[in-house]
Amino acid sequence: MTRRLAILALCLLLGSCSSSFRVKSQVPQPLVQPMPLTMGAYYPMALRNYRYEESNEAREDWNIEQGDAQMQMFSRVLSGMFKNLVELPAQSGSADLILTPVVEEFQYTVPRETRSKIYEVWFKYHLQLHEGSGRLVADWFMTSYGKTPTAFSTTDADGLELAIQMALRDAGAKLLMDFSRVPEIRQWMEQNLNKHTLAIRGEKP
Numbered sequence: 004m005t006r007r008l009a010i011l012a013l014c015l016l017l018g019s020c021s022s023s024f025r026v027k028s029q030v031p032q033p034l035v036q037p038m039p040l041t042m043g044a045y046y047p048m049a050l051r052n053y054r055y056e057e058s059n060e061a062r063e064d065w066n067i068e069q070g071d072a073q074m075q076m077f078s079r080v081l082s083g084m085f086k087n088l089v090e091l092p093a094q095s096g097s098a099d100l101i102l103t104p105v106v107e108e109f110q111y112t113v114p115r116e117t118r119s120k121i122y123e124v125w126f127k128y129h130l131q132l133h134e135g136s137g138r139l140v141a142d143w144f145m146t147s148y149g150k151t152p153t154a155f156s157t158t159d160a161d162g163l164e165l166a167i168q169m170a171l172r173d174a175g176a177k178l179l180m181d182f183s184r185v186p187e188i189r190q191w192m193e194q195n196l197n198k199h200t201l202a203i204r205g206e207k208p
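Numbering (my numbering), first residue to last: 4 to 208.
Keep in mind that the hints were calculated from the coordinates and are not lab data.
Any given hint could turn out to be false.
In the DSBU-like style, the derived pairs of lysine-lysine whose C-alpha atoms are separated by at most 30 Å in a straight line are [as the list claims (entries may be wrong)]:
no.: 1; residue 1: 120; residue 2: 27
no.: 2; residue 1: 177; residue 2: 27
no.: 3; residue 1: 120; residue 2: 86
no.: 4; residue 1: 177; residue 2: 127
no.: 5; residue 1: 177; residue 2: 120
no.: 6; residue 1: 27; residue 2: 150
no.: 7; residue 1: 120; residue 2: 150
no.: 8; residue 1: 177; residue 2: 86
no.: 9; residue 1: 127; residue 2: 150
no.: 10; residue 1: 150; residue 2: 177
no.: 11; residue 1: 127; residue 2: 27
no.: 12; residue 1: 86; residue 2: 27
Build out the structure end to end from the sequences listed, making use of the hints.
Take a look at the structure:
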């Protein structure tokens with residue numbers, strides 16, 4: 004009974020022991036020269052419905068909806084990277100390449116846990132790239148990080164949402180910068196990108 008009273012007192016001090024919110028994506032479309040390819044985006048249900056839920060006596064309870072924000076981030080970045088972007092219902096279809104992203108892991112810290120004045124968030128993504136035929140081109144992981152100072156928020160929910168938005172921006176930047184650096188993707192580009200460029204121009208390889 005004493006333990007329950009202690010937990011209740013802690014909840015009152017924190018203002019609430021349960022928080023729910025939906026993350027809004029604010030990732031801009033990158034201003035780059037798009038590659039002359041049609042990219043397909045396949046968003047599995049695990050990404051579409053992605054939410055972080057936690058029920059822990061030592062931490063605040065969370066219900067953070069992120070699926071829409073994750074899809075918007077990938078769509079905004081991919082639409083800037085490639086000439087055409089289409090959303091597909093499977094890992095094969097009418098596209099040169101098809102990206103399938105999944106959130107593999109989500110972690111966070113709040114100021115009272117680290118005795119700092121920042122909220123921090125980490126994402127780990129599992130990414131797969133297929134050809135339109137369904138053949139796997141590359142399978143890799145990508146991490147991202149976001150933080151925001153307590154001065155920009157009045158509650159843990161506000162602080163975490165801002166940190167998540169920064170982590171989404173970081174994920175978008177890493178996807179843009181590192182996509183062609185993945186060895187299997189770089190090899191595919193070297194073998195196929197020139198063919199697609201000539202085909203668009205109506206020239207023969």
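Evaluation of the provided hints:
1. Between residue 120 and residue 27 the alpha-carbon distance is near 23 Å, which keeps this suggested pair within the 30 Å criterion.
2. Pair hint residue 177 plus residue 27 holds up; C-alpha atoms about 19 Å apart against a cutoff of 30 Å.
3. Between the alpha carbons of residue 120 and residue 86 the distance comes to roughly 42 Å, so the proposed pair goes past 30 Å and is violated.
4. The straight-line distance between the Cα atoms of residue 177 and residue 127 is roughly 12 Å, inside the 30 Å bound, and the hint therefore holds.
5. In summary, the hint linking residue 177 to residue 120 is supported, as the alpha carbons are separated by about 26 Å, within the 30 Å threshold.
6. For a cut-off of 30 Å, the pair hint linking residue 27 to residue 150 stands: about 16 Å separates their Cα positions.
7. About 10 Å separates the Cα atoms of residue 120 and residue 150, which keeps this hinted pair within 30 Å; it holds.
8. Taking the CA atoms of residue 177 and residue 86, the gap is about 19 Å. The hint holds against a cut of 30 Å.
9. Taking the CA atoms of residue 127 and residue 150, the gap is near 15 Å; set against the 30 Å cutoff, the hint holds.
10. At most 30 Å may separate the alpha-carbon atoms for a hinted pair to count; residue 150 and residue 177 meet this at roughly 16 Å.
11. Pair hint residue 127 plus residue 27 holds up; C-alpha atoms about 19 Å apart against a cutoff of 30 Å.
12. Using a Cα cut-off of 30 Å, the hinted pair residue 86 and residue 27 holds, with the two alpha carbons roughly 25 Å apart.
In the structure shown, a violation is registered for the earlier hint numbered 3 alone.
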